[in-house]
Every structure is written in structure tokens, then in C-alpha cells.
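Work from the hints to combine the two standalone chains into their complex.
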Amino acid sequence: MRHGVAMREGIVDFADTAEESELRSELRSLLDEHVPEAYLGAFTHNENDLAVAQNFCKVLAQRRLLALAWPEEFGGRAGNSGELTVLREEMWARHEPRGAQYMGVNWIGPAIMRFGTPAQQELHLPPISAGEVIWCQGFSEPDSGSDLASLKTAARPVKGGWEVNGQKVWTSYATMAEWIFLLARTSNTGPKQQGITVFLVPMSRPGIEVRPIPAMLGPHHLNEVFLSGVQVTEADVLGTVGQGWQVVREALAFERVGIARYARCERLLNEAPDALGDRWARLPGALKHRWVKALVHTRQARLLAHRVVERHDTGVVDPRDSAAYRIAVTRLDQEVGEVLMDVIGSDAVGTDDETDLFSRAVEDHWRYAQASTVASGSIEMQRVLLSRALLGEAAR
Amino acid sequence: MRSAMSAEAESFGRVVDEAIRSAGGVALAQHADAEPAERDKIAAMLGNLGVWDLEPAADPVQAEAAAAVCRAAGRYALPYPVAERLSSADPARAALALVDRDAPARVAHLDLDLDWQLCDSRGFVAPVATVGAAFGGKLSRFVCSANPGAWTHTQTDQAARLITLQGWTLLGLVEQASQLTYRYVQERIQFGHPLAHFQAIQFTLTDVAVAVDGLAELAKYALWSSIKGGPAAMVDAVALRLAATETADTTFRAGHQLHGAIGFCDETPISWLSRSSQTLRRLPWGLSQTEARLVELVDETTFAGPFERVRTAL
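Sequences listed follow chains A and B, in order.
Under this note's numbering, think of the first position of the first sequence as 32, with each following residue one higher.
Under this note's numbering, think of the first position of the second sequence as 151, with each following residue one higher.
It is worth saying that the hints were derived from the structure and are not from the lab.
A portion of the hints provided could be inaccurate.
[To be verified] Simulated restraints on C-beta separations:
hint, chain 1, residue 1, chain 2, residue 2, range
1, B, R164, A, S112, 25 to 33 Å
2, B, R152, A, A161, 28 to 36 Å
3, B, D203, A, L318, 44 to 52 Å
4, B, D449, A, G41, 29 to 37 Å
5, B, D449, A, T148, 52 to 60 Å
6, B, F414, A, V405, 35 to 43 Å
7, A, S52, B, A350, 40 to 48 Å
[What the hints assert, rightly or not] Over the 12 Å line for every Cβ pair with chain B, so calculated as not near, a few chain A residues:
hint, residue
8, E57
9, N86
10, Q93
11, K190
12, G226
13, S235
14, E369
15, D373
Glycine included, every Cβ here is placed at the ideal spot set by N, Cα and C.
Bound conformation, chain B alone (with noise of 0.2 Å):
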């Protein structure tokens, strides 16, 4: 077993990390709020690290660093698609986008001018007929509505590494808000200690950190498992949205609990990191609906492990 993953994967993740940051970090989702073309500058940075030069599909390597990239994106709420670009047949121009095809096609940046292509998690695909303007709500700023165009069967492997790369992203936005909140309660004083000193809040963060530790773990799992291919790779990724679907579930309301009223204000990169979240979060699945399609995925295949389900009459 090795689940270090390798150094150049780690090493581009912190270039561009290191890059997000520079430009403005979590502030750049603030400015995109304002002025939504400054979603171009961010895919121009990302260009010119060489992002969109990496290839997921055809190198196990690249599809390291493309983990490495979503987490980064992740960490500061980055307001583009780059999961949808890097999980496309071709990051340089295309995106791809997971929907129910039982629900209304809604896709987060699909205004982005971008050869999108619309995809569920049984194998489906369409391109998009025609996109519907941005909500602009608090917690859909970029969602569309989309009309998907004929829908035809391939293989499963490129949503599942869509559906894994968003994992990622989300652990980067679960790891950046615990980190904000460990480091509030230890600066903010009331009744005369700092609040890490009272055990409740202390408790309530041992489960933060445990949910994103073993969320940390299970997408290395998932992203080996996307780098194989195959029916498992689905099921392992659909395992990992929902693990990351309760992390975030878990370390946002301990998050926002823990810094009070200051945490739902702009002023706060919490409040970016938790209206982001949303989206990934809720499409085209919320945390009941992974459940049922994770159900679903076990009963066709297995869910893989040392003590998996064996069945001869399949």
C-alpha cells in the first residue's frame, strides 16, 4: 500500500496553491460575486501554470496533480469549474458536468464560454442544447439551467473522475474551514479564556477533524480507484461524495456555530467557503440522494475491500 501520493502531483498542487493564494485567495470569490469576468483571469492564471495542459485520463500522474489542483481550488473557494474542466476529454477547451437526468440540468459556471458537455453516473452523455442565464442567488451566484441535447451511453469513467475530482475540491474547502475555525477558537476570548479552552467546543472539533481525515484518505482511495476505471471506480466515487457531502456537513455547521455571527458576514472567507460549498454539495445530488444512488451502485457491483460481498449468481 502507498497512499502518500507523488511528489510532482504535490508539488504542482502547492505551485498552484501558492498561486491562488497570491492572486487573492478566498477574495477572488468575492470579486467574481461583483464582476463575474473575472472568472477569465482565473482560467488565464490557471493556463499558464499549466493546468489545463494536464491529462487525468492518460496519466496516473497527472491525474495526481489534477487532485492536487481541485484541492487547491478548494481551499479558497476558487468561483471556476476546474474539476469540470480537468475531468473533460479535453481540459484545454471542454468541461463536463454531472446531472440527473430524472431532474432539471442545473450546472454551476455553465455561462462560462466553454464546449460543455452534460453527463449522469449510469454512463450517459449530452452536449448542451441551450443554457438559461445565471441565478445569482447567495448560493447559486453561477448556477444555469441547461437543456441537454440526445443523450448517448458510453463508458463510466470520465463522471466518475468528475465526481472524484469534486470530491477533491470539497476537501479542500472542508480542510480550509476547519483550519479558519481551530485557529478562531484559539484567538477569540470570552469568559476569559480563549474558546479552545472550554472541552464542549473542543469535542465538537475532534469531530471536524476526524470526519476530514478520514475524508482525506478516501479520496486518495477514490482517485486510485478513478485512475483503474471500471464499474468501481463509480461506486468509490459516489462512496467519496457522500463522505464529503457529511464532512462538509459537519465541519460548516461546527464552523459557523463556532464563529458566531462574524462567520456569515462577506468580511469572512468562512462565509465564501460555505456558500461554495453548496453547489457541490447539492448537484445534481444532496446527501440523501448519494446515499440512494450509493445503494443502488453496491447492489449492481460490490463495494471493494478485503471482506467484500462475493456473489456467484450475478
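Chain A on its own, in the form it takes in the complex (with noise of 0.2 Å):
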């Protein structure tokens, strides 16, 4: 080439790596063991569901799988973030059998690993990375949603720590959880932003009550908790005292790819042909588009995820990268659950068939879809901050 550089450098390869596609067939492997195929994920009226992902978490754990990602002494294998990622593809598209407990593993472990005392690490990190324990957030408050940093729950002090009130809502597993990571205002001097700290609180601690939400996600998605006189101590500050938005801001950034919602769709998305069998051929052909252009959209969904992790991994923060994966990636939940309902068509309201998975797991897709564009900061939200990313000051 007459500008004078030789071509002999590393290209795009999007293939998993060795060790990569070895782990995608451990983990295929213990599930298929371990979960049933008409497992539909944790949260359900049928207490066997829970019992599933209990015992895969310690099935996992065993295996140091469970929190492959973090350091050996505290119970991972040091796993890079492609092994992550097939972590949690592989488990999203099998209806999450973790549970509740990969919140545990993929944010809370690693805020106590950044932010706790080695008391605080030996308390809760060995549980979590056994596959032991479940854990709740206390964030949003009937006032506080998207404004999370406005939230008024009252740690006041007393003698020997605090005294907690107030409420948090929408908080899911708050029916099964052992802990709560819950953010209290210490101070409301300041910008809203300060006075606010983190507390690692048992759940059976006098003065919590919890009340389930029912809604159409299913049972356990939605809880209230009630605080009234929690008492605290210093020893269950994570951080410093006052610091919180600062552990919050730092923890979810641990969360930045959040959940492979594509994964799930991918796998549904090519199930459909063999699941319709000869009713596959009859199908509109817009519906088709539909279908096919939902695939491509996978794959977009995926690569953005992975642009985002590997663009972590060389020390690239960039809120752009999370925020159009955020978006792209709840829409195409939604997306995926429309189209698929259609494919199904009258099965889409229920079926009284035992043995059709597949329209079972597009229903449930379908319900639980309705929120991602809500869950873990709504989409409203992402797009501010992805056009305050493009339009700098003048979108303010």
C-alpha cells in the first residue's frame, strides 16, 4: 500500500475465545442438570421455582461459578469479562436460575469489596459467593423514582447509632431476602445528593415489614418495605457516613451491562420456527419482517453490550456506551415481546397446554418486558443523559 504501512495486525473477531466458548458449555451443561425445561425463572406461586435456583446457585457455587468474575480469596476464579458476559447470557437466556441472587454477585459483593471493611467482607462476601445468600436494594420511595437522590428515609441518631423510618417500594425479593442494601438520609443539610448513607441491614432486624405488591410481572418483582425505628450501627455503614450517593454512583457502575435482556430474546426469537412447526409457514409475512428485523436488533443489542465491556476493560467510562446500550436493549425486550405474542397468536393471553413451553415463555417474556424500559433507571432517564452526551451543555 503506497502509504507506507504494512497490514499485518490484529482484526475484528467477534468469535467467543476458547476459554470463552468452554465455559458457555459447562454452564449448558449443569443446566440442562439442574434446571428444568419448563423453568420459567424464580419468581413464581410455585415454590419449586425458588427451590431451582436456590440449589443451581450452590450447584454453581461449587464450581466457583456462581461469582466467577471475582478475586479467588473471596471466593470467584478471577474470571475476565468475556467470561462474564457468557455468565450472564447464558443464564438470562435460561430465565435467569439464579434468582434473586445475581444482584448479590454482579453489584452488591463487588460495592462491599470496593467500599467495606475486611469485617464487613468477611461477614457477607463468603455468602454471597457460596450461593447463600439473598439480597434486597432499598433505593426507590414512594417520592423518590427516577429523582432517587430526593429520597427522605431517616436514618435520625440516637444513642449508639440510628434510629431508621421511612419506606421503600418496588423493592423486588424483599419477601425472600436476608439483607437489604439500604440507602437512609443521615443529614439534610447540603445538596440532596449529600447526607444520603449506605446501610447493610439483616432483613429480620425488629422494625422491617414487608408487604407484597401484586402485579402482572408475577409475585416477588414488587414488595414495600416499612421502617419504623430500625435501629443501626456504625458497623452496618458501608462507606463513610454522608458518602452514600457516592457508593451508589460507584456500586451500579459494577451493573453497567445490568442483565443480557438479548440473550433471552435471541433464544426465543430462533425458537419460534420449530415451536410453530407447520404453523411457521403460514404466518404473515409482515410478521416475518417483524421477526427478522427483531434478530438483527439482537445482535445489535449484544455487540453494544460487549462494546461497552470491552471499552471498560481498557479504562473507557463513557456514560454514551451505557445509555444507547440501556436503551437499545430495553426497547428490544419489548420489541422481541410484541412480535413473539403475535407469533403465538391466540396462545399469547394462555394456554391451558402443560406442554407448550414456548408459548409459556413468550407470555412470561412479554409480562416481564413491560418494565425493562422502567427497571434499574428508566429509559427517560438514559436518554437524558445520552443527550446531554451528544448536545453538551446546550441540552440542559
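If you want it as C-alpha cells, here you go:
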């Protein structure tokens, strides 16, 4: 080439590495062995589903796969981000058989590694990596949703610590959780982001009451948590008193990619032709066009997730990347839900055929996907973040 | 996984980008519109940079360089068949055009003195028997009708490479159009604020950004697949074409709307980018035909991914 550069270097490569391939195989074997084909997640009215999840977490933990990316000293096997991505994809494609425990390994544990005292690390990290504990996050409140920093749950100083009073809402898994990652206000002076403190509190502590909120998503997803005179001490504080907002921001940075929603989308889209059998050929052409577009969008969402992970590995943390990915993947979840509900026709509203696993999975996916653009930061907030990255000061 | 292209390929793309920009950028489209022979100067300029020495079929890094060149050409709506030459068997003198054998063959820049060959997405190729005069319309300044010679069957790798490189050209077009629009809404003041101040406009542009970002990643995926070759390369190329066409719809609709009337005028780059994108988006298939072709391809093979359909009775 005339510009004088010899072209001999690494090129784009989207294949799994040998290690990633091996991990996929290992995980699929374990899933086939320990998770029933009809499993649609831990959060059903069938107690066996929760038992499957609890057992599967222990199976993973025995192989140091549950907290795969954690350092070995905390029960992980120091897996890299590519392997962590494989784990997330394989789990979500099979309706997340880690149940509520994904949260502990994804960001609560890493936050405790980053901000916790040696005593807190010793207390909390082994049970999380061993698959023995469920956490919930005490974030949202009735008047503090997207505007989380406006939270009002108050930790009032008392002898020996604080007394917490207030209410949390939309708290997933609170009925089954043993611990809560609780945000409370220890000071009312200064900007609203200041004066927030993180407390790690056992759910068994007196003064905590959980009330489930019945919802179309299914049981366990939404709960209220009432805090009345809950006593907390210095030993329960994660990080520095009054600096909880910083902890939350950094902790959620561990969760940039979050759950791999695109993996279940890809699996269900690809299962559709065989699941429908002869009916597939009779589907309207327009619906197949939507189906194939959804496949393309699924690949795009996966590649955007990988971009966030890859850039994070090289030290680039651009809020634009994660916001663009979150917008793409949450919209994808709903797009795929709509396409597949149309694909299964009248079975979309439910079926009395217990063997029709595909329709049941699609119906479950659609219901859960309704919340995808709301949960963990609404799509509007992601759009605001992305707008600021694109348009700078003019967007404020 | 490695989603970054080689430094050499990126570097070559920057050299070409800078050369096109220095030569006039989008104004080159305007010059060629007035004087079609200006395209010969573009060919010479790219030739001097070594673009026609690239061998994308022979070397993966050169395939990446070809993609980077097409992206640069797209950014300036360069009125020249860069992807078509780089996907031909001999970029030094030949060019390859994608047509639908069931529809009239229409190809942009077919009037240029190159050794043109026609191909379809099923592995058929044909020489060009006769060429009509350029249509000369606003969207078809250099589009010509072609009569193919005898069709013969071969592999689809070359056609997949062409569709992929055209996808890279469209990527450059939408990247530039989106950047122009982001800049315009920051500068244009209405009601006492930049347009970017208004949330309706911000949210419209987040749709553009997400689409363009997703397209950029998919373009690299399709390039990787075309380097590997085989039946999957065509599936992935058509998937890229689908996303590129969708993204162009989103980007240019927003771009035109937010530029207002000025965006239709010849004095604005987005007008040239928009009309130049049409040949890539319509020939030989529009969005619906691209979707239909992808449905067929996925049905014949599979859509690759960690959870792809595995069929035992193929």
C-alpha cells in the first residue's frame, strides 16, 4: 500500500475465545442437568421454582462459577469480562436460574469489596459467593423514583447509632431477602445528593415489615418495605457516613451492562420456527419481516453490550456507551415481546396446554418486558444522559 | 472478542478521509453533479493514495482498510463507486454492482469507464451487455440502466463483500448526517434557546444515536463475517443492509426535520448526503425487499449467534 504501512495486525473478531466457548459448554451442561426445561424463573407461585434457583446457585458456587469474576480470595475464580458476559448470557437465556442472587454477585458484593471494612467483607462476601444469601436493594421510595437522590427515609442519630424510619417501594425479592442494601438520609443539609448513607441491614432486624404488591409481572418482583424505628450502628455503614450517593454511583457502575436481556430475546426468536411447526409457514409475511428485524436488533444489542464491556476493560467509561446500550436493549425486550406474542397468536393470552413451553415462555417474557424500560433507571433518564453526552451544555 | 479494527486500517481510513475533506468534502458531490467528469479526478486522487491497490479478498487487514475507506467516502457522499470497485475481482480497473435479477438493473456510476460486472445475492454474476444514459434526476444523477449478458453461477462471497462495503458507505453517510444535525441543534436558536434545549428534540436525537451506534457495531460484525466468507457472510451482509437502511431512514428523517427548510437546500451538506444515500438504500432493494431477502436467507441457513437455531433435518 502506498501510504507505506504494512498491514499485519489484529483484526475484528467476534467469535468466542476458546475459554469462553468452554465456559458456555460447561454452563449449558449444568443448566441441562439442574434446571428443568419448563423453568421460567424463580419468581412464580410454585415454590419449587425458587428451590431450583437456590439449588442451582449452590451448584454454580461449588465450581466457583456463581461469583466467577470475583477474586479467588472471595470465592470467585478471577474470570475476565468476556467470561462474565458469557455467564450473564447463558443465565438470562434460561430465565435467570440464579434467581434473586444475580444482584449479590453482580454489584452488591463488588460494592462491599470496594467500600466495605474487612469485617464486612468477611461477613458478607463468603455467603454471596457460596450462593447462600439473597439481598434486596432499598432504593426507590413513594416520592423518589427516577429522582432517587430526593429520598426521604431518615436515619436519625440516637445513642449507639441511628434510628431509621421511612418506606421503600418496588423492592424486588424483599419477601425472600435476608439482607437489604439500604439508602437512608443521615443529613438534610446541602445538595440532595449529600447526606445519604448506605446501611447493610439484616431483614430480620426489628422494625422492618415487607408487604408484597400484587402485579402483572408476577409474585416477588414488587414489594413495599416499611422501616419503623429500625436500629442501625456504625458497623452497618458501608463506606462513609453521608457519602452514600458516591457508593451508589460507583456500585451501579459495576452493573453497567446489567442483565443480558438480549440473550433471552435471541433464544426465543430462534426457537419460534420449530416451536410453531407447520404454523410457521402460514404466518403473515409482514410478521416474519418483524421477526427477522428483531433478530438483527438482537445482534445489535449484544454487540453494544460487548462494546461497553470491552471499552470498560480498556479503562474507557463513557456514559454515552452504557446509555445507548440500555436504550437499545430495553426497547429490544419489548419489541421481541410484541413480535413473539403476535407469532403465537391466541396462545398469547395463555394456554391450557402444559406442554406448550414456548408460548408460556413468550407470555412470561412479554409480561416481564413491560418493566424493562422502567426498572433500574427509566429509559427517559437514559435518554437524558445520552442527550447530554451528544449535545453538551445546550441540552441542559 | 475484538471489536476494534486494526490500527493500520483505521489509519488508512483517516488518510483517505483527510484527503477527501481537503479536496472539498461534500462539495465534490456538487461539483460532479455539475460536471460528471469530475469523478475521474476523484478516482485519480484515491488511486494516488493506494486505494485501488487494496486487495480486500486476499488480506483481512486490507479488507478492514477497504471498509474504512468506504466509511470515509460515505461521510462526504463521495460521488464515486468506491465499494463497487473494492469488492470487484480487480479494484484497479473493475467494479461490481448488485442487482435483482427479477427487476430492471439500475446501477449508479455505470457510465464510468470500468470493467463492470453484475451480481445478485444468490451467487450469479453477469457481464454488462449494454448501458443506458445516466438518468440525471435529483436522486439518480448517475444511475444508468444496464442489460446483463449471460448469467453464470459462482460463490456469494464477492456479493457479500459488496453489500458489506455498501453498508460501510451508508454508515459513513449516517454518521456525518447525525453529527451535522447534533451541531445544528446546538447552534440554531429559537424561543431564546438552542433547539437542543428542548426535550422533544433531544429524545429524537437519542433514537438517531442509538441506531448509528448499533449500526457501527453491526458493520464490524458483517465485515468479520465477510472476511471468513461462506453462506453466513451473505446473511450477515443482508442483515447489515437492513440495519443500515433502517438507520438511514431514522437519521435522515430527523436530520431533515431538525434542519428545517435549510436542510433541503443545495448549500447544506445534509441535502447532498440525503439524496446520495438514496441509491444505496433503494438499489436493488428497499427496506421491505431487504427484509424479505433476509427472511429467505435465515430460513435457508441460520442467523448466527450464541443461541442460533440448530436444525438437525437440514
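These are the hints, each one checked on the structure:
1. Roughly 28 Å separates the CB atoms of B:R164 and A:S112, a value that falls within the hinted 25 to 33 Å.
2. The beta-carbon spacing between B:R152 and A:A161, approximately 35 Å, falls within the hinted interval of 28 to 36 Å.
3. One distance hint, 44 to 52 Å for the beta-carbon pair B:D203 and A:L318, holds here, with the actual separation near 47 Å.
4. Checked against the hint of 29 to 37 Å, the pair B:D449 and A:G41 passes, with Cβ atoms roughly 35 Å apart.
5. Taking the beta carbon of each, B:D449 and A:T148 are about 58 Å apart, inside 52 to 60 Å as hinted.
6. Between B:F414 and A:V405 the beta carbons are some 39 Å apart, a value that agrees with the proposed interval 35 to 43 Å.
7. In this structure the hint that A:S52 and B:A350 lie 40 to 48 Å apart at CB holds, the actual value being about 46 Å.
8. Every beta carbon of chain B lies more than 12 Å from that of A:E57, the smallest distance being close to 14 Å; the non-interface claim holds.
9. No beta-carbon of chain B is positioned within 12 Å of the beta-carbon of A:N86; the least distance is around 24 Å.
10. At roughly 24 Å from the closest C-beta of chain B, the C-beta of A:Q93 stays outside 12 Å, upholding its exclusion from the interface.
11. The Cβ of A:K190 sits about 48 Å from the closest Cβ of chain B, beyond the 12 Å cut-off, so the non-interface label holds.
12. With a least CB separation of 29 Å from chain B, A:G226 remains clear of the 12 Å interface cut-off, as annotated.
13. Look at A:S235: its CB is around 40 Å from the nearest CB on chain B, clear of 12 Å, so calling it non-interface holds up.
14. Every C-beta of chain B lies more than 12 Å from that of A:E369, the closest at about 16 Å, which supports listing it as non-interface.
15. Under the 12 Å C-beta cut-off, the non-interface status given to A:D373 relative to chain B holds; the minimum distance is some 15 Å.
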